[in-house]
Every structure is written in C-alpha cells, then in structure tokens.
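Peer 1: Each chain is listed here by its residues.
Number of protein chains: 2
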Amino acid sequence: MTNTQKTNPSQPRKASTISHWDIETDVAIVGFGGAGGCAAIEAADAGSSVTIFELASASGGSTAMSSAEIYMGGSGGTRVQQACGFEDKTEDMITYMTMAAGPQADAAKIRNYCENSTEHFQWLVDRGVPFKDSFHEERAIMCLTDDGLLYTGSEKAYPFAQQAKPCPRGHNLQIEGDNGGPLFMKIITENVMAREAVSVEFEVRALCLIVDDQGAVVGIVVRKNQQELNVRAKQGVILCAGGFVMNEEMVAKYAPMLTRGNSPIGNPGDTGTGILMGMSVGAAAINMHEGFISLPYYPPASMTCGILINDKGQRFINEDVYHGRMGAFLLAQQSERFYYVLTVDQYGDYEKVSFMGAQVAGTGESVEELETELELRSGSLQHTIELYNEDVEAGEDTLQHKAPQWLEKLQPPLVALDVTPGRGPFIPYFTLGGLDTLPSGEVVDPQRRTIPGLYAAGRTACGVVRSAAGYSSGMSVGDATFSGRMAGQAAAAAERNN
Amino acid sequence: MTNTQKTNPSQPRKASTISHWDIETDVAIVGFGGAGGCAAIEAADAGSSVTIFELASASGGSTAMSSAEIYMGGSGGTRVQQACGFEDKTEDMITYMTMAAGPQADAAKIRNYCENSTEHFQWLVDRGVPFKDSFHEERAIMCLTDDGLLYTGSEKAYPFAQQAKPCPRGHNLQIEGDNGGPLFMKIITENVMAREAVSVEFEVRALCLIVDDQGAVVGIVVRKNQQELNVRAKQGVILCAGGFVMNEEMVAKYAPMLTRGNSPIGNPGDTGTGILMGMSVGAAAINMHEGFISLPYYPPASMTCGILINDKGQRFINEDVYHGRMGAFLLAQQSERFYYVLTVDQYGDYEKVSFMGAQVAGTGESVEELETELELRSGSLQHTIELYNEDVEAGEDTLQHKAPQWLEKLQPPLVALDVTPGRGPFIPYFTLGGLDTLPSGEVVDPQRRTIPGLYAAGRTACGVVRSAAGYSSGMSVGDATFSGRMAGQAAAAAERNN
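Sequences listed follow chains W and X, in order.
Using the numbering used here, you'd call the opening residue of the first sequence number 1 and step up by one each time.
Using the numbering used here, you'd call the opening residue of the second sequence number 1 and step up by one each time.
If you are wondering where the hints come from, they were derived from the structure by calculation, not from laboratory data.
Please read these numbers as outputs of a predicted model, since none were measured by experiment.
Please note that a few of the clues may not be correct.
Chain copies aren't distinguished; within one or between two, either way the pair holds.
Unchecked claim - Keeping only pairs whose Cα atoms sit at most 20 angstroms apart, straight-line, the calculated SDA-like set for lysine to any residue is:
| id | residue 1 | residue 2 |
| --- | --- | --- |
| 1 | 409 | 379 |
| 2 | 186 | 200 |
| 3 | 156 | 137 |
| 4 | 89 | 166 |
| 5 | 14 | 215 |
| 6 | 14 | 213 |
| 7 | 409 | 348 |
| 8 | 14 | 214 |
| 9 | 253 | 111 |
Bound conformation, chain W alone:
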C-alpha cells in the first residue's frame, strides 16, 4: 500500500504565505444546496456580506434532486399539523428523533432542532415555501399529490409508537405530481439572489482552507477559470459541500457496507471535499461508518400487508417500518437470499408504481409450492405464515408487532419477490457521517473544542440523522436547511478578523 495521491487539494494553506486577497467577504460559503442557501440568507439578514462558491453551474445540490419533504413539528404543531388536527408535542418529537438516531444520537442537537422546528416552518413559509393544509392518508415513500403533510417514517410502527405518540411530521411542498426539490431550491435561490449582500460564484471549485498562525480559519482558496483565487472570509467559512457518497475511495474506507446498495443518492459534487477540508484543519469526522441503505418495497401501500423473509423462511422485522429501517435489518441478517411474500391482491399494481423493481421469484397455489419454488426448507415458510395468520385472525402481530391496520391473512395464491441485494431490487444509499459540529454549526475537533472561523451544515456535518434504522424522509432536508440557518447565524455573529 503506497500513497497514490501525491498532491492533496484539501490541505490548508497558511495566511502568512498568501500575498494578496482576490476576494474579501464576511462569510464564505462552499456549496449552494439547501444548507448553503439557507446559511447565506441568514448571514446576509444579520448584516454580513456573503459569497457562495458552487461547483456546479447552478444552485441545487442534493436538495434539488430530492422530494424535499421537510421533517418538522413539536411545540403544539406547525400550521399544517394543526390544520390537519395533529397536536405535536416537542417531547414526543425529541423521543422519536433520539430513538431514530440510535445510540450515537446528539442530544443537544436534537433538542435544538425540535424546540425550534415550528419556528423553522414559519421561517420557510415567510420566505415563500408553500405548504397546503391537507393530510395525505396513504402510506407513501414520496407524496405525489400536493398534500402538505404525511407520515414519512416509522412513527406509527414498533418500537417507536410504544415510546412516542405518533404524529406525521413530513411536510410536503404544494406541488402536484413532481418532486418538491426543484421548487424548493428555486424559492431559496430567489431569496438568496434578492439579497444584495450575497454574491454567488458558480463553476468554482473550493480547493483548501486558509488558516492563521493560531489555527483559525480566515479564508479559502478557490479555482475559477483555471485560476486560483484567495478568498478572505472575515467572519468565517461555512462548509455546505454535501457528503461523500460519490467518493468511491471514501465509501470503501469508511462505510463499506453501503456498497451493498446499487444507487448512490447524491449529486456529483458529493465527493467529501467539505469533510476532507475540515479534517485537514483538525476537525473531527464522526459517524462515518453509518449510511442510509433502503429497500423501497412500497408503493403500493398494500405491500405493507406482505411479509419480508430471509432464507430460513423467517420474518425478522415489522413490515410497517420505514424502508430504511427495513434495509438496515436486512443487511444485519445471516442470510443469502431475501423474499417479500404477499397475496396477488396485495401485489396489486406493484409493477406500475414500484420504485423497487424486484422480480417475481416464485408463486404458489399453496405455501408448500412456494417453499419449493423458492428452495426454502420445507415447513419453514409454512410455519411462519401459520403463526402470522393466527395472529392476523386474533388482531395482533405478537412476534414482529406490525400495526393491526396492516394485518391481512396471507392466503394462496401467493407471490414472492426476490429482494436480495444484488439481485434486482433498487437499493438507494447515502452517507450519514460528517464533521462534528455544535448545534450552532461551529466545527469541533476530537476533543470538541471549536475551530475558530469554521462552520459546517447539511451533509458535510454529522447532523441529527445518524442511523438508517431510524431514518425518516424529510430529516435530511430538514437538517440541511435548519443547520444551514444555524451556521449562517453563528458566522454572522462572529467578530471580524483582521
């Protein structure tokens, strides 16, 4: 193993070696996605001059590629939650998000997020983001209507519902039949562009940070039109450059299990640049092994009435959980094959509406026949279905605790989809690790001491979302926009360096 990278674009430069500044700004922001945009608005509104450096030719980032649900609630409920009849308690939201983040939860960050979530909703509305006061009843991965609110996680499923009162918190933009991401970024971009204090430089690559003799970050070197420019950032640099899902080497090194997935979710700039720049000045990168990997087995929602089994014919998770949790538990099984078993009725219009694209592995006029087709141990699936059907009849899934609304008897003829990773199903993945930050967005070192002048937000930071097993749609854009705002506010409140 020898060193293959002779030059390292992310190593910091000393301010004392910088002969001149090409650009001077109060706050320099790397990346113009949801996090960078919100950071810019807040910093400008607090009186700072801001320059955004974006690699692409336009704003957007991964936020624009997403469905842009935003996970918000608590404090009695957002306007939409209240209009739809949901009173959301902050403590329920904190409990849910803490369980969702797993043992690596950052309590302070989650509390800050939840306590300020309805205010965040209002902030977005004030900037023109439209949410309709209507509730989408049907279980969906993405809301294809213009309804403003839906359940986007495992809130109603075991073991979450037993600990925190379920409440829908996925806020969906008012747009029909399309992802909310482009609209969301259009609105944020218009807000940014309307502020005279903000300059935006597109097609510019951030190369490295500039530090003073005390280790404080005082600027950044960027490349524009083949030329290196020295940018002085008097109040600080905010890294909003996305995650590292597009950096094969980093994924192999930090989160190798993600390679069981087959579709990285991110934009081409998600190469870890921001994280590496932070690490180059001593920042801690945490939770780097964690990733979201999912099995989007619904829609149709009726799929939830089926059962997921391993190659022993066993169920191992309640099928009403979010698809990311399904993926996390699937990967933890010692099993070479996985099947999703359901009735022809439950299968419904799967082939038309499915995101998963799994192939039919077998069908059976009886469970025995299906066992034979799937080459399962004789009696194994029969037993699983026997107990399941008994439980369905009694109205309680005693083993895996799927909620009663999804309990339907599995009566042949049955269909089995092959959902084994690597054998057809669409398995999206993205990273969940990044720079350790305080709730303010200040970047910290392994001892949690702040690195003066450095901030991070969005996927470049390790935010409130830390585990695929508890992920809910809307947490990423929620975290990106909220953490972007925090970082923008904090940078704008910093003293200007000389």
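Please build the complex by placing chain X on the supplied structure of chain W, with the hints as guidance.
Peer 2: Below, chain X without anything else, positioned relative to chain W:
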C-alpha cells in the same frame, strides 16, 4: 453543548518553541505492552537507541492481562501446526482473515501479516517464547492446558469453512492452568531489558507530540515526577498506548453500541491517548465505531449443541461460531430477550466452568412448558426445535449450518439461560478502531499520506482485526506483536532528523 475540556493534553507543540531537550533518543515508544516491547526489540536490534515511556509502574499493558494466544499460520504451517499434522496455506489464512475483518478489511495489511506469520512465530520462539507441539482438541475460549495449538475462531463454522480450509491458528504458551499473558510479557520484557540500547521510563505520562515546521513528528513531551520533559526522537515516535475502551466519553462518541456490554477488556491506560495524539497531528482514525462484544456461552464445549434464540423463538446464527460473532449478530436483532436453550446433559457442569454467568430463565419437561415459562409465542420454539431435530436426525443443519459434530437432538427436559444483555450474562467488550497505518506502521492522514516521524502499533492503530463478527482469539496479541515489530523496523530504518 459547550466545550468542557479547557486544556487538551494531546495538542502538539512546535519544535521551534522547545528551548532544550531533556532526553535524546533515536526512537521514542509510548507504551510497554506487547506492541511497544516488540517494537523496542526490533528497533534496538536494527541499531537504534530506544526509550520507552510507560504510564504504569511495570511493563505489561493489555497483553499481560490476556491469555496471549497468538494467531499465526500460513506458509505450510508453523512448527507447532506441522507437528500437530496441520499444513496451513497462506491463501486460506488470508481468505479467513479477510472474511473476518469484514468489508472494512485492509488487504495489504492482512497479506503482510499472513505471509510473514510463520517467520513471526520463529522470531517469538527465538526470543524464548515457549510453544508445545501439541493440539488441544476441545472447543475452548481459553486453553487451560499447556497445549500449543487450538482452534480459536470460527474457522470450522459456516460461512468461513465453506470459503477457506479450516486450520487451527491459535498458538498458546506452554504454561499450565494460567493465562499466557504474564509469561509472555515477562519474556518480552527480559528481551527488552537485555538490550543496552533500550532505556525504559516507568510512571511517565506522554503528554503530546512535538512537530517541526513541516509537520514532521520530531519528539514528544512527557511528564515524570511532576515535571515536563522534552524528548527528542531523531527517527520517530511509535505510539503503542493501547485503545480507548477505558475512555467513556470516546466510547460514547465513537462506539456507543459497546455500552451494551458490561465488562471493558483493557488496562487502565486504554484511554485513547495515543489515538488522540495521532489525530492531533492530522492522522486518520478509522473503524472507530467497531468493537468486539461477545457472549462467551462456552465452556463447556457441549453448550455448542444448544441453540440461541430470540424472543420470537427463532434461531439466527449457527452456534458453533466464535462467541464474538454470536454477540455481533445478537445485537443486530430486533428482540428484547435472548435465551440459550439446551438439554440437561449439554448443560453439564456449566455453573462451575462458565465464564458467562447467565441465570436459568426456565426449564421444561416439554417444549410447550418451556415456551410458557419463557413467555414465548405458543408454537414458536416448538417449531424451531421440530425443524432442528429433524435436521439433526438427517445430519445436516439446513437452516443455520452448524457443523454436524455439534448436532444433538434437543429432547426435554430442557433448560433455558437468559442471555439478554443487561440481564446477567458477562459481556466483555473492547474497541477495534484506531489510527490508520500502512503495513509498515507508518501513520497516515485521511488521504493516506504518511506523517513523517510517526508510527503506531497494537490497539492504537487499526490493525488486521476490524470486526467482532469475525474475531478470533489470538488476533489481538498477534497483531500487537507483529505490528509492533513492523513499526520498530520502520522507525529504525528512518533517517535521523537534525
């Protein structure tokens, strides 16, 4: 969340601020356990002067606390393997260790370890480490006889045996009825002390590294008798200061799932000092989330004939795997309780010889009765045992692939032990993350560029062992001693700085 640590003992100092050197040496080694001792011997034998700084009053580290099996083989076999009739192929050892390390395996490091493993055996023998040419047949967690060789991992178990020809590689010191660790460290310490080129400073705390203006490590600051001493290390500093299992804050931050265990395995100095010192000069710390957590359900070996079940009455792993693999899969289940079910015969002298200390949760004259006692879903355990017993009769565990030698029918009366974490069983744990190094022991940054003058070995580095799911006894001391030697050789081959 505010910064609670105002001073940080591990931050590096600039050589330009050092007014005088109190100690000058070619190679400075932090920590006198298995890694530090072997590093010192190699560096001295290559012509370098060496100073070891050890926090405790004596040598030993975690190696002395361990049973000191050493995982070695390949190249046709060590003397002991050959004498016992085992011809071990390097490629089988590489395959096994690669599977054992999981997707985060370091191929170059594993290859280097395996290709040089019989040479390592001879090196240890030449330094006086005694191994008897005898094979211990019985399945054991630790060898309580003086036999020289035993199976210490999952070599004979699914899925390993299907990929790599099984071979025993756990080499046990020739010592009756006691852990090999103290004897091993006595021998290593005698070797170290016999070398005039080596000085040892006990009760000395390493405070921080000293770096020159180019970022190269040129020394270390230590505290001895309340005084800070500046140590110049002309060829380099080798960090052999153990892992971080005794640092609660680091465990909570990096490997929170380890807290499901109840007995940290390590010495009091395992507070992450070496890792933090490395990180303070830009080194990468990798695999920090991974830890070894185990369920030492044997001895007696007859326990292997029992079955491990979750609260659904399901088996989920072949019970002939190493106890660390058992622990890893147990933690990945969605289940609130776990039981180990076996016959009274298999239970045998469990209460006398067990390390696990689990309590009997129930007994049954029939499986139904046991289900009731354990409050399991009626029919769930019955089905598991029915299929299992059918498989036993046919001689093949078709579902979990436990090897035929462990297949015995589960006939009532049956006993169930409660092996739920937190409800009695002894669950040891230790960390598996550390500084990223090349096979030479050179410490690298996140881009894998070496940090001049800095080396790491043993648990301070992230070595060949990277996953609890594939751990085998003897890999830790094997890695510590071998990686210590590599680092000692590499540092001694470095040019002396001015």
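Peer 1: Next step is simple, just say for each hint if it's right about the structure.
Peer 2: Comparing the hints with the structure gives:
In this assembly of identical chains, residue 409 and residue 379 lie within 20 angstroms of each other by CA distance both inside one copy and across copies; the values are 18 angstroms within and 18 angstroms between. Taking the shortest alpha-carbon separations for residue 186 and residue 200, only the intra-copy value of 15 angstroms comes in at or below 20 angstroms, while the best inter-copy value is 66 angstroms. In this homomeric assembly, residue 156 and residue 137 come within 20 angstroms of each other (Cα to Cα) only inside a single copy, at 13 angstroms, whereas the closest approach across copies is 52 angstroms. For the identical chains of this complex, residue 89 and residue 166 are intra-copy neighbours only, at 10 angstroms inside a copy versus 57 angstroms across copies, given an alpha-carbon limit of 20 angstroms.
Within a single copy, residue 14 and residue 215 get their C-alpha atoms as close as 9 angstroms, and across copies as close as 13 angstroms, so both meet the 20 angstroms cut-off. Taking the shortest Cα distances, residue 14 and residue 213 sit within 20 angstroms of each other both inside one copy (7 angstroms) and across copies (12 angstroms). In the homo-oligomer, the alpha carbons of residue 409 and residue 348 lie at most 20 angstroms apart inside one protomer (16 angstroms), although the nearest pairing across protomers, at 44 angstroms, exceeds that limit. Both within a single protomer and between protomers do residue 14 and residue 214 lie at most 20 angstroms apart by alpha-carbon distance, with minima of 10 angstroms and 12 angstroms respectively.
Taking the shortest Cα distances, residue 253 and residue 111 sit within 20 angstroms of each other only across copies (17 angstroms), while inside one copy they are farther apart (31 angstroms).
Violated hints for the displayed structure: none, as all numbered hints are satisfied.
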